[in-house]
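Novice: Residue numbers (our numbering), protein chains in the order written: chain Y, 1 to 57; chain U, 58 to 301.
Because the hints were derived from the structure by calculation, they are not lab data.
We put the CB at the ideal spot given by N, CA and C, even for glycine.
Honestly, I wouldn't trust all of these hints.
[Claimed, not checked] Derived Cβ-Cβ restraints for the label pairs, each shown as a range:
id, chain 1, residue 1, chain 2, residue 2, range
1, U, 96, Y, 36, 20 to 30 Å
2, Y, 3, U, 180, 23 to 33 Å
3, Y, 37, U, 243, 17 to 27 Å
4, Y, 27, U, 191, 33 to 43 Å
5, U, 191, Y, 12, 15 to 25 Å
6, U, 65, Y, 11, 20 to 30 Å
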Amino acid sequence: MDLGPHANFIIIAYAAAALVVIALVAWILADHAAQRRLLADLEARGVTRRAKPPEAA
Amino acid sequence: MALTDLANPTRFLALTARLLPWLAALTVAVFAIGLMLAWWAPDDYQQGATVKIMFIHVPNAWLSMAAWALMSIASIGTLVWRHPLADVAAKSAAPLGAAFTFLALLTGSLWGRPMWGTYWVWDARLTSVLVLFLMYLGVIALWRTVDDPSRAGRAAAILTLVGAVNLPIIKFSVDWWNTLHQPASVFRLGGPAIASSILMPLAVMAIAFTLLFVTLHLAAMRNEILRRRVRAMWLMQAHAAQGA
Chain Y
1 MDLGPHANFI IIAYAAAALV VIALVAWILA DHAAQRRLLA DLEARGVTRR AKPPEAA
Chain U
58 MALTDLANPT RFLALTARLL PWLAALTVAV FAIGLMLAWW APDDYQQGAT VKIMFIHVPN
118 AWLSMAAWAL MSIASIGTLV WRHPLADVAA KSAAPLGAAF TFLALLTGSL WGRPMWGTYW
178 VWDARLTSVL VLFLMYLGVI ALWRTVDDPS RAGRAAAILT LVGAVNLPII KFSVDWWNTL
238 HQPASVFRLG GPAIASSILM PLAVMAIAFT LLFVTLHLAA MRNEILRRRV RAMWLMQAHA
298 AQGA
């Protein structure tokens, strides 16, 4: 297909959009993996999100 | 399941874990159709093949505003109802909105150079969208400045609602002022002014980008919920260490 005399502008626009979308997806996947890793590490050390109930006297 | 059940982050995580693979697959499929239609769309009689830039510029421009509108609604949820997921939704949408606004500006600039003879003019539409981009960066910076997520959420919600004033300015800038940017040609009284052979690929690409936004937003919200859980556990650990 002939994109005409302004082909460079069209190709750069689509390439930039693809790059930004790929960067967003990569960032979200990497962030997810990082948060899962941190959670697993804390859980392995026995840390919970809620305070333990006071022990019965 | 009632809609209010989604206010529970654990239930939200479970639901989105099931939903996200389907949404991602649907997004890829609609993008494939949209790109194929965009590729085979006829050239514009005046703009030639550069009209293909419209298929990514216009959806990104719409989403740049839609993301801020979503953040504004979420901000009301934060300030009025203290909805547990409201500031998670607002915070997660900000980087996505910034990225889509950046793409709208960049692709618009790349379209403007061959059609207008310039990459940039300080007309009302372009300037108001640039202001939107700077506001996104401001909100993201504010979230990163304040440690406590609930305090950051309230401050960001106020800034977001103030910034919402810019949305009608962007929309009507081409009507209120004399701009180099063309007036609305899709959502206008009297119907779209675009031939259906070009309108169809534009509509499919708009759906594809919207699906992409929804998919990424839900995934980013999941990450933010996990981040807050990690923070809560770190705080518990610190308290336990102090008490020991």
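Novice: All hints are to be evaluated individually against the structure, with a verdict given for each.
Specialist: Hint by hint, here is what the structure shows:
no.: 1; hint: U/96 x Y/36: 20 to 30 Å; verdict: violated, 38 Å
no.: 2; hint: Y/3 x U/180: 23 to 33 Å; verdict: holds, 27 Å
no.: 3; hint: Y/37 x U/243: 17 to 27 Å; verdict: violated, 44 Å
no.: 4; hint: Y/27 x U/191: 33 to 43 Å; verdict: violated, 21 Å
no.: 5; hint: U/191 x Y/12: 15 to 25 Å; verdict: holds, 24 Å
no.: 6; hint: U/65 x Y/11: 20 to 30 Å; verdict: violated, 47 Å
Consistency with the previously given hints fails for numbers 1, 3, 4, 6, ordered from lowest to highest.
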